[in-house]
Every structure is written in structure tokens, then in C-alpha cells.
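Enquirer: Okay, here's what each chain looks like letter by letter:
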Amino acid sequence: MLKPLKSHAILLLGIGLLLLLFVSLFLGRYPEPYFMSPRLLQTDSMAWRLFCDLRLPRLIAAALVGMTLAAAGTVFQTIFANPLVEPGFLGVTPGAAFGAAFCIVFLGNQAVMVQIFAAGFAVSGLLLSYALATRMRYGGWILRLVLAGIAVSALFSSALGILKYLADPLSQLPEITFWLLGGLSGITWGRLLPILPVVIISLVIMLLMRWRLNALGLDDTTAFSLGLAPARERAILLCAAVAATAAVVSIAGMIGWVGLIIPHLARRCFGADCRQAMPAAMLMGAGLVVGCDDVARCVMASEIPLGILTSLVGATGFMVLMTSGALQRAQ
Amino acid sequence: MLNGLLTFTDVSFTYPGGEREVSRGINLNVAPGTITAILGPNGAGKTTFLNLALGWLQPQAGHIMFDGKTVESWSRRELGRQMALVPQRENSAFEHTVLETVILGRTPHLGLLEMPGNKDFAIAQASIEQCGLAAFATRSVNCLSGGELQLVLLARALTQEPRLLLLDEPFSHLDLANKSRLMQVIRTLAANGVTILMTTHEPEIAAAIATHLVLMREGRVQKIGELHEVLTAPLLSETYGIPVEVCEVRGRKVVLWC
Chain A
1 MLKPLKSHAI LLLGIGLLLL LFVSLFLGRY PEPYFMSPRL LQTDSMAWRL
51 FCDLRLPRLI AAALVGMTLA AAGTVFQTIF ANPLVEPGFL GVTPGAAFGA
101 AFCIVFLGNQ AVMVQIFAAG FAVSGLLLSY ALATRMRYGG WILRLVLAGI
151 AVSALFSSAL GILKYLADPL SQLPEITFWL LGGLSGITWG RLLPILPVVI
201 ISLVIMLLMR WRLNALGLDD TTAFSLGLAP ARERAILLCA AVAATAAVVS
251 IAGMIGWVGL IIPHLARRCF GADCRQAMPA AMLMGAGLVV GCDDVARCVM
301 ASEIPLGILT SLVGATGFMV LMTSGALQRA Q
Chain B
1001 MLNGLLTFTD VSFTYPGGER EVSRGINLNV APGTITAILG PNGAGKTTFL
1051 NLALGWLQPQ AGHIMFDGKT VESWSRRELG RQMALVPQRE NSAFEHTVLE
1101 TVILGRTPHL GLLEMPGNKD FAIAQASIEQ CGLAAFATRS VNCLSGGELQ
1151 LVLLARALTQ EPRLLLLDEP FSHLDLANKS RLMQVIRTLA ANGVTILMTT
1201 HEPEIAAAIA THLVLMREGR VQKIGELHEV LTAPLLSETY GIPVEVCEVR
1251 GRKVVLWC
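Chains as they are written, first to last, in the numbering used here: chain A, 1 to 331; chain B, 1001 to 1258.
Okay, chain B solo, but in the shape it has when bound (with noise of 0.2 Å):
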């Protein structure tokens, strides 16, 4: 199990002057074209986890390794290359446009004086189309919907070219057609070779597109592995602690709970 992408050993982190550790000793190793998602309750360390895995917070013990060296050995440059982040939500001060947003995914392949060219903006342009997003372009992003921001949001991480995308809650404000749509284009992704880690609130939308599950809850892994060994009823219950049940309908697990 060493062989993957992304790699957790041991990993325990604590905010500065926080009392709590927000993850504990966790082992994970996420495999190179896989669609992993994060489930667990609030608090469970979710959200920290992906800024573990970003390399913008380091844990005080364990080492996590992206594709065979320290996460903290990458240049940032070469990084922001490599994986790219899609946050919950952004607020801008200023009305920069669609295009202006996305086009910002080049900047780790652009040096710091450098301005992009035509090559930048056609393949900011592409992740544009890509998202459904092509009679936005020109358009404020502070006129847009939350969902609409969250696939441009989406779009500016395609425009880094990564090879590790990571979600932080994808899903959480779009409606059911664009809810459709982002699990295409997350789907194109993981067949393009593109490895897929995302934190999610709903259990059934981990188990529509994800290939991996991993459990958590207080800052500890509870679970991992393949979709059907983890999205279980009685894991889940465990890890919410209420009860769950989980059925299938038409081939697609669904999470009862009340």
C-alpha cells in the first residue's frame, strides 16, 4: 500500500494553541487515479485533512509523502502544479470576471514576472467549457450563483493541470442538474488519470462516484477502503452516531437515517 500518489504515515496535527488534535495518527494512502471521498460529521477533521495533504499546514508528527517525496520537499511552484484545491466557497472584493478567475490556475506555470499567453488562456478557456460554463465567461464572478462559483472555482483548479485534485465539500451548493454535471466531469477526470480526493456531507454522493471511502470522526480514520467494504450501515452508524441504514436502489447505494 506505498505505492500510492498521496501517502499519510502516522499523521497528528494540532492548530497552534489548540488543545485538541484535529487528526490523530492517521494512515492513508491514496492510489493514482482513484476517486477517494472524506465522509464523517462536523468537526471530524475534514477540511484539515485536504490542507494536510495541500501542504499548507504540517503536522507536528508522521510524514506525508506525494508521489514518493515529503509533501514539504516540493517546490511550491512545482506543487501548485502537481495538485490543485477547489475550497468551499471564495469571496471577491473586486468584480473580476469568469475568465479573470479561472485563469488564475496558470499562475504555478507562469513565472513571477511572467503575464499568460494565447496557450494559457485556451486552456483556461477549455476548463471553462468544460465546467458548462462558456455563456459565463465575461460575466462578474459576484453575480454568480453559489453553485455557478463553485464550478468556476472548479474550472480554475482544472486550469492548474493537476494531477491530484482536491475537493473540499464540491457538492454543497449545487442543484441536481449541476450536481450531475460535476460528477461527469469529476468522472472524465479519474478516467484521464487524474486522482480524486474530496470531502463530502453526503453519503450519496460518495456512493454515486467515489471508488474509495475513508470514515472519519474526531480526527481519526475510522474506516478506509473500497466503496462497498465502508459504506456499510452499521460503519456509518458508527461513525454519526445515529442510526442508518443503507439500501440499494437500482444498483446505487442509498443512506436512510432519520
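Looking at chain A on its own, in the form it has when it is part of the complex (with noise of 0.2 Å):
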């Protein structure tokens, strides 16, 4: 049974979560920096609009970026049964930034172009590996899929290294550079709510399945021992994850180290059973995405690139993780 005081802290990390949105919809620098008072709301409309149209949605992506992130990492992690990999890995994130890259460089810098050809170019780059991995006359199918991941990813990175050396310096160059760097600031509702469905349903889908996941983990005779479909059980979870991934990436580009460190922060306090793992990734990715973004949008006049934060926090954690001995048993 699910410990009684695991389920508690899970709710605990949900209430704490739900503050600091709640906390979060009044930091700012408007009408001074830091908080705005809520009796402002009542006199104020720019306030009121500022509230309703952008930091409600900005909040929201914030936290689904997170959730969305550390579940992919969770279902990555556990499937592939390697403790390094993480969502973007099968050339999602570098597919992403190349089609960010591209449309920048050929299209001009439309929000909402950009986006369609960062997903466009996310499911492609998965697609890509998914084709290598079936052709691939090495290994069995989790190695060549790691594979065909590594293999895509170079590819879209050193494209996106020309694509850069295209572009213009002065106005294409620091577009592309600010969309790697990663960021919520151009969130409305009008870019979040297309994302909406894809990110939900995929959510639901790992949250509903997590205890299977556990299972999915096992090698391939073992599994199907045990009266589980691992190829297609396994496509189930990784289209859910990829395509989740895929859909925050072109909203909020690059945002590093999230899928990565939070899989591994709630399978430490909570275990390795995906029962707990799953929903407290899904928590902790959120409140520390949604805690970057504040300080991104708070700490300075001009915004910090919300991906630089979580790198810097995230990098910060992985390094105390792996010396504390928490992977040291790990095969």
C-alpha cells in the first residue's frame, strides 16, 4: 500500500504548490517591483488586466512546463532504466530549436510561427530517431534507440549551428539565442491554450499509468512474463511524454535540467515506485519552474531567460544528489 505518510507529503506538496501560485499571481514589477498589493485589483484595470491576461496564463504554463518536464523525465528515466537521460533526449529539444532556428532565420520572428515550427520540427526530430532505431543493425531496441537519439540530436545541433552562422547578428542571431536561452515572457492565452489539450491528456495518461510504468522499466522476456504488451505499453507512455515535451518546448524553449534532477529529487524523497515518484515529479517540476519564473521576472528590470535559472538550480541539485550517495547503488 501507498504509505499513509507518502500520500500526506504528496498532498502537502500539492497545497504548498497551489500557494505558490497563488503568491506567485501577485509578484511582479508592476506598479513597483516585487508584490502588488491585491486591493489593486479592485481599482486598478491595468492591474486587473495584467492579473487576468498575462500573469494567469504566464503561471500556468510555468507550472505545466514543469509538470510536463518532470513527468517525461520520470517515464524516460524509468523505461530506458538510465538515470541520465531526460525528456529531450530521442532529438525532441534539439529538433525544437532548430525549427525555432529555422523559422527565425527564413520566416521572421512570429510568436506563433515559431511555435508550430518548434513542435513541427520536435515530433520530427522523435520520428527521425524512431526511423534510425528500426534500421539500426546494432544492439537491441533500447540501445539503438539511445542510438538513434544521440545520433539525431548531433544532427539537429550542428544544424542549428549553421542556421546560426546564417543568421543575421544584429536582429536574427539574439532572436535565436533568446528562444534557446528559454523563456515565458511572450506567454498569452492565445499561445498557451493551443497546448493545452496535447500537455493534458499527456499528463493524464503518465499520472494514470505510472504503476505500470514501474513494470515497463523491466527488461523485455520479463515484462512480457509478467502479462504486459512492453512494446506497445512502452509507445503509449513515450508518444504521451514526447509529445507533452514537444508542446511546452515550443512555448517555452529550452528549459534544461528540469526532466533530469526532478525525476531524480522526488524518486529520493519519495522512492522508487512510481506511484509516488510520478505525481511528486510532477509537483516538485512545477513549483520549481514556476519559482525560476519568479525570480526571472522579478529579481531584475529586464527579464533573466527563465532556462539559465533552472540550468543554474538544477545543475546546483544534481551535483549535491550525486555526491550524497543517492545514485551510488545504481547499476
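Treat the hints as calculated values from the structure; they're not laboratory data. Where is the CB? At the ideal position from N, CA and C, for every residue including glycine. Heads up, a few of these hints could be off.
[Unchecked claim] Chain B side only, calculated, beta carbon under 7 Å to chain A, not exhaustive:
hint, residue
1, L1054
2, L1057
3, R1089
4, F1094
5, L1104
6, P1108
7, E1218
[What the hints assert, rightly or not] Label pairs and their computed distance ranges (CB to CB):
hint, chain 1, residue 1, chain 2, residue 2, range
8, B, R1089, A, F35, 24 to 32 Å
9, A, Y138, B, S1012, 54 to 62 Å
10, B, S1237, A, Y138, 38 to 46 Å
11, B, G1017, A, I200, 38 to 46 Å
12, A, M319, B, Q1060, 46 to 54 Å
13, A, A235, B, P1032, 49 to 57 Å
14, A, C269, B, G1117, 43 to 51 Å
With the hints as a guide, dock the two chains, each given alone in a separate frame, to form the complex.
Expert: If you want it as C-alpha cells, here you go:
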């Protein structure tokens, strides 16, 4: 059974996230740095519009980005039985980066177009990795997918390098760099709503199949002997993880380390069983991205790119976890 | 001989891209409630044989029946409730506890989105106790010795509540006390109607526990029958290609070789 202590802790995490989201709605730089009084919403129409049209969609986006990357990271790490993979692997994140840069260089920097291209190329990164893995004549299925993901990611990264080389250094290159650093400054309801169905459906699938995910991390024969259809069930979970990742990367750019570090942290605090680790990772991931986004938009007059902050926190946390014994017994 | 729980008829199998037939024209009948040991040298095709029985590998020729139906015609979930596999070893990338590993045996009894409940945990706990692992239930499987881990994998298979238990070299990492415990568990299961099919490298193990013996060599069944008919010096010598003697100590057959 799920230990009551653990389920209470997950409930507390959920309450903590809701509180953080509520407080974050009043954090920002209007009308003055850091905190806006809730009373202002009744007297200042600008404050009300800011609250409803900018901060609310942005915070929902931040929470969904964190939840998605952490949940997808948990799925990838469990299925590939490898604690060092993250959701962008299999060509998804480099594909999105190439798509966004391609749009900026050849079609202009329109937010919606960049989003569409990023999502399209993220999915094409996965399809290319999959197609390559099926044709590879080396190793088992998991190893082939890993190798194909590495090869496709390298291909997109080098193509991105060519685009950066071709880009106008005064206008296009800064736009590409800003997109690659990640951020939620341009989020509106118009950009958030189109990705909501994919993200929510994918999150629900990952959450509902979390116990089965434990068995899908076993080797093929054992998973088969336990009555699973390993290839089909892994494909369902990987598709959900990749679709949601492609969707959030298309609106937020590169948000590094959340998908790598948060699953570790969740397993460290709640154990390796995905029944607890999955919801815990989703709540922790949302908390991390919302918290970093608060810092990104409050601390300085100009916004700090979100990806820099998540990488800073994530890499520091990873070093602490790696040196504190959490991974020592992993095979 | 066609009333067995598991029946192989003229089964041949070659791995994709492979040139050599790993299993050749196998005919075999495993009767319900028996303990059948598969004995043979390395590369004889013993593990392939178990994977064919499980339905994980499909033969290119012949057919395999489980309880009167071809293995492929059973649904995955239904077959998972009927047969369980105890693999030789298993690596865990994460720190799963013994209970978390054993409860996975309930997977075929639960729907795609279902989680294990009180009844499932009670069955898992009973399996853990049956395998003498009660003191380890909350310990990480990565902290266990090879022998303890093998007992955890057996407990997981028992949690499936199978009618046919397939064991791949179940005694290979166990010390004497754990070997004795495992033999006791297997005998109890067989007495309760569970059919046992296991591979082993140790003729003494087969002599101590099996009711039936299959001798395999180079993908072929050399001989199949009741233990006393098959565990003989000439047949073992022919199977392993070295001189072997079989003698009896306190009613149990002992195999001598050099």
C-alpha cells in the first residue's frame, strides 16, 4: 500500500504548489518591484488586465512546463532504465531548437510561427530517431533508440550551428539565442490554449499509467511474462511524454535540467516506485519552474532567461545529489 | 501423452538472422503437477526453450500448446495469470524495495490503469514470507546478494499465482541453506498443483527435486522421461561428452565426473 506518510507528503506538496501559484500571481514589477497588493485589482484596471491576461496564463504555463518535463523525465528514465536520460533526448529538444531557429532565419520572428515550427521539428526529431532505430543493425531495441537519439540530436545541433552562422548577427542571432535560453515572457492565452489539450491528455496518461511504468522498466522478457505488451505500452507512454514535451518546448524554449534532476529528487524523497515518484515529480517540477520564473521576472528590470535559472538550480542540485550517495547503488 | 499442461510438437526455432537452429524438432509433454528439469551443456538451448514456452519467442515450425490452446492464442494478460517466469538475474537502475518488486507480480491481475490494492499486497506479502524474505521487505533490491535477489524474483513469480512456473537456473546463486529452502518451496508448490519447468546445470539438483528430466544437446531433446529412466551414466556421458558416473547415497542419486 502507499504509505500514509508518503501520501500526506504528496498532498502537502500539492498544497504548497497552490500557495506558491497564488502568491506568484501578485509577484512582479507592476506597479512597483516585487509585490502587488491584491486590493489594487479592484481599483486599477491595468492591474486587473495584467493579472488576468499575462500573469495567470504565464503561471499556468510555468506549472505545466515543470510538470511535463518532470513527468516526461520520469517516464524516460524508467523505461530506458537509465537515470541520466531526460525528455529532450531522442532528438526532441534539438529538433525544436532547429525548428525555431529555422523559422526565425527564413520566415521571421512571429511567435505563433516559431511555436508551430518548434513543435513540428520536435516531433520530427522523434520520428527520425524512431526510423533510424528500426533500421539500425546493432544491439537491442533500447540501445538502438539511445544511439539513434544521440545521432539525430547531433544532426539537429549541427544544423542549428549552420543556421546561427547564417543568421543576421544584429537581429536574428539575438532572437535565436534568446529562444534557446528559454523563457515565458511572451505567453498569452492565445499561445497557451492551443497546447493545453495535448499537454493535459499526456499528463493524465502518464499519471494514470504510473504503476505499470514500474514493470515497463524491466527487461522485455520479464515484462512480457508479467502479462504486459512491452513494446505497445512503452510506445503509449513515450508518445505521451514526447508530445507533451514538444508542446511545452514550443512555447517556452529550452528549459534545461528540470526533466533530469526532478525525477531524481522525487525518487530520493518518495522512493523509486512511480506510484509516488510520478505525482511527486510533477508537483516538484511545477514548483521549480514557477519559482524560477518568479525570480526571472522579479529580480531585475529586464527579464532573466528562465532556462538559465533552471539550469543553475538544476545543475547545482544534481551535483549535491550525485555526491550525497543517492545514486551510488544504481546499476 | 497429449493431455499435458504444456505440449511441444515438432518445434524448431532459429533466431532472426541466425544460421543455426537453436531448437530442432522438439517434442515434449509436461504433465500437470510435475517438476520437470531441463539439463544440458551450455548453449544446448535451455533458456530458448523456456522463452518458447512463455510465448516470447515464436517457433518457425511446429506448435506449442498450453492447456489445450496454442500459446499465441492466449491474451497476454490471461497468459500472465497462468505462467510466470523466474529469470536468472535482473538489474534494477533504481532503488526499488523488495515489496515494490514483488508486487509487480500482480500486474496481469490488474487492468491497464489499475493500481494494486489491499488484497494484492496481502498476496505479495504471503509470497515474500513463503520465500523467507520477510526481514528484507523494505530493503532495496540493489542491496541484496545474488541468492537473495533470486528468491525475490521467485516471490514475484509466486505473486502471479501461476499454474505453470518457469525457472531459469533458479539455484545458480544460492548457498546450501537457500537451495534447501527453494527446494522446499518448489515441492510445496508442486504438491499444491503448480507445474514446474526449470533449467539447471546441476544434475544433483535435478536428482534431488525433479520428477521428470529432459536432456538437451545442440537444440535437440536427447531423452525425456521420468527421473530414474533418464538420470543414467550412459545418457549423461553422451549429453555432456565426458565420462560420468551415477551412484546413490542415502536414496539420492549423485553424479560424479572429472
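Enquirer: Take the hints in turn and mark each one as holding or not.
Expert: Outcome of the hint check:
1. L1054: holds, 6 Å
2. L1057: This hint is violated: L1057(B) lies away from chain A, its Cβ roughly 9 Å from the closest one there, beyond 7 Å.
3. R1089: For R1089(B), the interface hint is violated, since the closest Cβ of chain A sits about 10 Å away, which is over 7 Å.
4. F1094: Result: holds, 4 Å to nearest chain A Cβ.
5. L1104: holds, 5 Å
6. P1108: Because about 3 Å separates P1108(B) from the closest Cβ in chain A, which is inside the 7 Å limit, the hint holds.
7. E1218: violated, 23 Å
8. R1089(B) <-> F35(A): 24 to 32 Å: Distance hint for R1089(B), F35(A) is violated at roughly 58 Å.
9. Y138(A) <-> S1012(B): 54 to 62 Å: violated, 27 Å
10. S1237(B) <-> Y138(A): 38 to 46 Å: Between S1237(B) and Y138(A), where Cβ atoms are some 41 Å apart, the hint holds.
11. G1017(B) <-> I200(A): 38 to 46 Å: holds, 43 Å
12. M319(A) <-> Q1060(B): 46 to 54 Å: holds, 53 Å
13. A235(A) <-> P1032(B): 49 to 57 Å: Cβ of A235(A) to Cβ of P1032(B): about 37 Å, so the range 49 to 57 Å is violated.
14. C269(A) <-> G1117(B): 43 to 51 Å: The hint (43 to 51 Å, Cβ to Cβ) is violated, given that C269(A) and G1117(B) are roughly 24 Å apart.
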